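Enquirer: Protein chains in written order, with my numbering: chain E, 1 to 186; chain G, 1001 to 1583.
These are computed hints drawn from the structure, not numbers from a lab.
Predicted model only: the values in this text are computed from it and were never measured.
Check each hint, because a few of them may be wrong.
Residues from chain G shown here face chain E by an in silico Cβ test under 10 Å; the list is partial [stated by the list, open to error]:
| id | residue |
| --- | --- |
| 1 | Gly1121 |
| 2 | Arg1124 |
| 3 | His1129 |
| 4 | Arg1154 |
| 5 | Ile1310 |
| 6 | Lys1312 |
Glycine included, each C-beta is placed from N, C-alpha and C at the ideal position.
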Amino acid sequence: MTPLNIVKGSTRHSAYNLRPTFSDTQERHTLALLVENEPGVLARVIGLFSGRGYNIESLTVAEVDHTGHLSRITIVTTGTPQVIEQIKAQLGRIVPVHDVHDLTVEGPSVERELAIIKVVGEGEKRVEALRLADIFRANVVDSTLNSFIFEITGAPDKIDAFADLMRPLGLVEVARTGVAALLRGD
Amino acid sequence: MTREMTGAKMVVQALKDQGVDTVFGYPGGAVLPIYDEIFLQNDIRHILVRHEQGAVHAAEGYARSTGKPGVALVTSGPGATNAVTGLTDALMDSIPIVVLTGQVPTFMIGSDAFQEADTVGITRPCTKHNWLVKDTDSLSSTMHEAFHVATSGRPGPVLIDIPKDVQFATGQYSTPKPSTSHYQPVLKGDLEEITELVAAIETAKKPVFYTGGGVINSGPAASQLLRELVDATGFPITSTLMGLGAYPASGENWLGMLGMHGLYEANLAMHDCDLMINVGARFDDRITGRIDAFSPNSKKAHIDIDPSSINKVIRVDIPIVGDVAHVLEDVLKVWKARGRKTDAANVKQWQSQIAGWRKVNCLAYTASEKTIKPQHALQRLEELTKNHDRYITTEVGQHQMWAAQYLGFEDPNRWMTSGGLGTMGYGFPASVGVQMAHPDALVINVAGEASWLMNMQEMGTAVQYRLPVKQFILNNERLGMVRQWQELLHGERYSHSWSEALPDFVKLAEAFGAKGILCSDPADLDDAIMEMINYDGPVIFDCVVEKHENCFPMIPSGKAHNEMLLGEAETQGVIDSKGSVLV
Chain E
1 MTPLNIVKGS
11 TRHSAYNLRP
21 TFSDTQERHT
31 LALLVENEPG
41 VLARVIGLFS
51 GRGYNIESLT
61 VAEVDHTGHL
71 SRITIVTTGT
81 PQVIEQIKAQ
91 LGRIVPVHDV
101 HDLTVEGPSV
111 ERELAIIKVV
121 GEGEKRVEAL
131 RLADIFRANV
141 VDSTLNSFIF
151 EITGAPDKID
161 AFADLMRPLG
171 LVEVARTGVA
181 ALLRGD
Chain G
1001 MTREMTGAKM
1011 VVQALKDQGV
1021 DTVFGYPGGA
1031 VLPIYDEIFL
1041 QNDIRHILVR
1051 HEQGAVHAAE
1061 GYARSTGKPG
1071 VALVTSGPGA
1081 TNAVTGLTDA
1091 LMDSIPIVVL
1101 TGQVPTFMIG
1111 SDAFQEADTV
1121 GITRPCTKHN
1131 WLVKDTDSLS
1141 STMHEAFHVA
1151 TSGRPGPVLI
1161 DIPKDVQFAT
1171 GQYSTPKPST
1181 SHYQPVLKGD
1191 LEEITELVAA
1201 IETAKKPVFY
1211 TGGGVINSGP
1221 AASQLLRELV
1231 DATGFPITST
1241 LMGLGAYPAS
1251 GENWLGMLGM
1261 HGLYEANLAM
1271 HDCDLMINVG
1281 ARFDDRITGR
1291 IDAFSPNSKK
1301 AHIDIDPSSI
1311 NKVIRVDIPI
1321 VGDVAHVLED
1331 VLKVWKARGR
1341 KTDAANVKQW
1351 QSQIAGWRKV
1361 NCLAYTASEK
1371 TIKPQHALQR
1381 LEELTKNHDR
1391 YITTEVGQHQ
1401 MWAAQYLGFE
1411 DPNRWMTSGG
1421 LGTMGYGFPA
1431 SVGVQMAHPD
1441 ALVINVAGEA
1451 SWLMNMQEMG
1461 TAVQYRLPVK
1471 QFILNNERLG
1481 MVRQWQELLH
1491 GERYSHSWSE
1501 ALPDFVKLAE
1511 AFGAKGILCS
1521 DPADLDDAIM
1531 EMINYDGPVI
1541 FDCVVEKHEN
1551 CFPMIPSGKA
1561 HNEMLLGEAE
1571 TQGVIDSKGS
1581 VLV
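Please build the complete structure, drawing on both the sequences and the hints.
Expert: Spelled out as structure tokens, the structure:
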């Protein structure tokens, strides 16, 4: 991740500056955090969201820099512009948080999520499931005589669409990783 | 440089290296090795409190009155959970304290061991940061880092949880070095925003400074710079409860405290101003009243070291993230460089408008010759103690608001009160901490009898260490503020807001080996206060006051600054159902 040149603690990137007044519209933002991979750091982030009543739509976390012990947390959240600004500022003041990036504001970004989906069925439904999987570029990672597990990668919308199509064809279980996201370009 | 020593010794060594001279604590199984090391040295004074909550509040009192971090040491389990209120109090008021807790040995963590609690889990939301130290080699660096985090940026409480085996084991001790941590909050404000603020200062017709605890936390230089700026511009200044003393109460531009029980002239100046300069305050709900009616026609500047304070409650036009002293220095520099301009004619007119509001004399009350009015008691206390080297702590409630209204503070760090959390039981242990830091000063805890009883066990501490703290209890036999709200909002149904079994405070004092003074006649008040001041030792002053006095002025919940109540006559039916759901 290339850090953007936003000083921690700065408010100059505030989305407020672009808006004449507070807006009440709910917005969906994808935030990327670089945090020290120390015990409890995820609890601090989650505790902030629950303690202050913010929403989490999706959250992923993994160490991305093994020598520097830095983890990247990607959070998809919703709220009014004021709430989104608060979330970013509040995240920024957690001591082990190094950087907070709002990918939704900072520029076009790529969002990907991986899901594995189990579909149980026989006959024509089974054939149809395979055909749709092919269209969605989902891979079969496991199969029995009456079931498939598909692996699909894409934006959350695409996975929603695929899962919706699979439902009448015998979808029984879905496991999703949550969103990972990166800014486009350099 | 590193040296080998046990974890317990490291704790004491790190405290010494951090310049700590006093620790407030209470021993227990999981901190015995540390207590052993305390026993073997004479550099750090340990004050044995009577309850862990008292240790943390005492550390807060020490920190608030010195600007240095306060330190508390408690054991695992109940020791740690008893510290939670103090930690939350310090978090809400941004007070730098370091709390050390013992923990069961690492190999027993998670086994529901005796006196085990998930201390870092419990205290995660009520500390600025906390650590569980799992190996002795990292203990000293964690200790140093803890002091760095507690005191830099927006100060706050930190906690280090130290398992007993980590205390016994030996490891390498490292001396403090300049912090290499990534946590280095921005101190200097953005010059472009500062210039914008200066431009606003130059043209403002009705400006007001609205200052808060951030000025105190920033250090004495911040108060000095604030005074210079206020006096050079001639702009009126008001302050939150937390910021009293940053600008002297005797200063000519002083409006008094603002907010729910703030002064009429201060609140109206906030409401009618055209430029509000918030210096280290956070638009708390006690200050703003109804948000959508808050100072509707002003341009607002906000200086705060914590970016999350900006635009949290009130949208501001000129946000400046930085340390108050650094920012004020730059504001002064830029303002002087641009020719020290203000719109003097209009500011003068604004001052005379404020003088008109001041004539309302909002702190007037009906005097009595039969009973002691609490306001009168505080006026006499002010008169008889203002020339002393005086520190005031308070509990929480009516007496706290009256103290803020009727006592005058000339310097920062002289007024220690629980603002954000509103912790009853804070004031007494805090006065113990203040007296430890200032052994020769006159330390008075202005209290209500209900709050005071919450941590009265600390009388043992005061007597043991011969701390001459004066407990000035305004005794109305009521939970005064609760009673006031029940009167105004709940149809005078006084549900559980009085005690039918109060102790005899004079006998109580004597039982602890202290002095008790009872005063119920206004005619005796001055002599009794002088007796309290002149007694060399802890005093419980039972000041029996009017039982049904209400605290005014008052902005009822859900109302705007210009909808203030000035006295009893105005209270009928003014608070609607929407207001009554607020606290």
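Enquirer: So, for every hint listed, does it hold in this structure?
Expert: Quick rundown of the hints versus the structure:
no. : hint    : verdict
1   : Gly1121 : holds (7 Å)
2   : Arg1124 : holds (6 Å)
3   : His1129 : holds (4 Å)
4   : Arg1154 : holds (8 Å)
5   : Ile1310 : holds (5 Å)
6   : Lys1312 : holds (6 Å)
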